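K.L.:
Listed below are the residues making up each chain.
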Amino acid sequence: MSQIKRLLIVDDEEALTFSLYQIFINVPMECEVLTASSGDEALTKIEQGEFDLVITDIAMPGINGLDLLSMIKGKHPMTKVIVITAYGSDENKDQAYQRGAEHYIEKPFDLFEIRDLVIDLIS
Amino acid sequence: MGSKISKQKQMFSLLNHKFANLWEESVETTLEPGEFPEGESSDSQSSQLLNKVYNFYKSIIQNLSSGLIALDLEGAITFANHAAAHLLDIDREDLLKKNIREIFATDDESQKSLRALFIHDKRINEKEVHFVQKKGSTIRVGFSSSQIHDENNNFDGVIILFRDLTEIHHLKMQIEKMERLALIGELSAGIAHEIRNPLAGIKASAQLLQENSNEDGFHQQVVERIIREVDKANKLLKEFFKFAKPSKPNLNFHDVDLIIDGISLLLAPQLKKRDIVLKTNFADNLPEVYVDETQIEQVIINLFLNALDAMPNGGKLQIKTFRKNISIIGIEDVKQQPVENQLNYVFIEIKDNGTGISSQNLSKIFNPFFTTKQNGLGLGLSICSRLVGENGGNLDIQSEQDLGTAVTVALPAFIHS
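Here the protein sequences come in this chain order: A and P.
In this text, residue positions in the first sequence follow my numbering: the first is 257, and each later residue adds one.
In this text, residue positions in the second sequence follow my numbering: the first is 522, and each later residue adds one.
If you're looking for bench data, these hints aren't it; they were derived computationally from the structure.
None of these values were measured; they are calculated from a predicted model.
Treat the hints loosely; a few may be bogus.
A few chain P residues facing chain A, derived, Cβ under 8 Å [stated by the list, open to error]: (1) Ala-713; (2) Gly-722; (3) Ile-747; (4) Val-751; (5) Phe-762.
Rough simulated footprint, nothing fancy, chain A against chain P, three-plus residues with beta-carbon under 8 Å [to be verified]: (6) 726–732; (7) 765–779.
Beta carbons: idealized from backbone N, C-alpha and C, even for Gly.
Model the full structure from these sequences, guided by the hints.
P.N.:
Below, the structure is given as structure tokens:
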């Protein structure tokens with residue numbers, strides 16, 4: 257994997273992807289940050305190149321975040337995945353960890369905490 | 522002698538006929554084969570046999586758990602069994618002086634039912650009505666009726682068989698409530714997504730602004746305020762979800778006394794600070810309860826804190842535990858044999874002598890967002906009630922203004938006998 261870290265943010269909430277994008281393009285490491293507003297769009301981008309880390313929402317149009325997580329882990333087991341969701345349920349949490357997510361975070365979260373978490377995972 | 526036997530058979534036939542509609546199966550097993558003498562029989566033997574038949578029917582009728590009332594064609598009560606008197610909370614002698622019209626709680630129910638009761642060849646099956654008890658309170662009953670005919674097949678009266686539906690109705694209401702809550706839970710999950718997603722966007726945008734703003738003063742303050750308000754809205758949503766869609770209980774056997782002891786210890790400094798004396802009275806040999814310990818702890822802590830809030834100038838907090846059993850006859854799956862199961866409940870009573878709740882507010886205290894506290898969300902008791910329900914129990918509150926409140930939590934403890 258290259259020295260430039262590749263990040264993908266998948267969420268249909270535009271205000272959130274914008275903020276996450278802005279915060280990650282300014283982290284003190286070389287990062288390429290891409291965004292997708294659906295699971296299908298995310299898959300297309302993943303097929304074009306492997307990512308170091310994916311942040312994905314669960315409830316999205318098309319492929320949901322949990323299925324996307326399974327696909328990512330099946331194809332690129334080294335890619336770290338953080339699942340974010342507004343559906344705070346035990347079932348979703350269990351599913352996310354069973355499918356190999358590194359972290360499961362409920363919305364709304366602290367932007368700076370998620371930034372630190374990502375830096376820690378990809379450093 | 523043959524004619525005596527014939528007369529006995531005739532009398533038996535009459536008895537048989539009168540009760541045939543209600544106890545067909547019992548009648549078939551009344552006499553064992555060969556019990557009727559085939560040949561000559563003495564008067565004494567005949568009398569004994571009649572006595573036996575009489576006692577048999579008397580025993581069936583008086584030991585029925587359902588109430589049984591016989592009426593003449595005017596509606597006057599001519600017979601009532603023990604259960605009828607017990608269910609109507611009246612002496613049998615007093616009940617026998619009444620007309621059925623006086624038993625119905627409302628004129629409307631009385632008129633409709635009486636019309637149906639005395640229509641020729643009409644039978645009523647499990648009709649739900651209200652009967653009035655001696656002290657004026659009413660009970661919900663399900664009743665069936667059957668008509669009595671004399672030896673010439675003339676309509677001679679009516680038999681009413683009834684049972685108390687209060688408990689069944691209560692359970693039905695609870696099931697309906699749980700179904701309604703499940704629906705609210707599903708709806709709230711959808712609302713959660715719709716509200717928490719934009720909240721996440723607002724908070725992240727505000728934090729981004731905070732990160733990139735060079736100003737120390739006004740802008741920073743406004744941004745901080747936005748973030749605080751988002752967190753507050755999210756906290757409210759989280760509390761609501763606890764009520765609307767609680768986590769599935771992780772059931773296991775736990776000792777209620779130990780749970781209460783742990784909470785008492787946790788809250789001891791607060792009790793002392795508020796000059797509240799705690800008195801516990803735990804029943805001996807209580808069975809373990811089958812519940813989610815964390816959820817029940819949350820409930821008991823909440824109820825303790827409510828009691829503390831109700832006693833701002835100190836007072837007495839009394840905790841009592843006891844058990845009650847309900848016997849249920851069920852069918853064992855494998856052997857298809859009837860078995861008696863004891864449905865056990867352990868009760869926790871939390872009683873304070875604080876400010877109490879007005880009768881006006883008492884009916885609203887389980888409504889979500891109803892509160893009399895300055896900074897309360899009004900979700901505490903609704904969450905408690907929901908959690909206890911999810912754990913198979915029940916929460917009940919009795920209160921009198923200025924005298925205090927008693928909260929009773931019933932929790933299931935199943936013992937297979």
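K.L.:
Does each hint hold? Answer for all of them.
P.N.:
Hints versus structure:
1. This hint holds: P/Ala-713 has a C-beta 6 Å from the nearest C-beta of chain A, less than the 8 Å allowed.
2. For P/Gly-722, the suggested interface contact is upheld, since its CB lies about 3 Å from the closest CB of chain A, less than 8 Å.
3. With 8 Å as the threshold, the beta carbon of P/Ile-747 stays out of range of chain A, its nearest partner Cβ sitting at about 11 Å, so the hint is violated.
4. For P/Val-751, the suggested interface contact is upheld, since its CB lies about 6 Å from the closest CB of chain A, less than 8 Å.
5. At about 7 Å, the closest approach between the beta carbon of P/Phe-762 and any beta carbon in chain A falls short of 8 Å, and the interface hint on this residue holds.
6. Look at the stretch 726–732 of chain P against chain A: 4 of its residues bring a Cβ nearer than 8 Å to a Cβ of that chain, three or more, so the hint holds.
7. Residues of the stretch 765–779 of chain P with a Cβ under 8 Å from some Cβ of chain A number 3, which satisfies the need for three, so the listed coverage holds.
Hint check: a violation occurs at hint 3 only; the rest are consistent with the structure.
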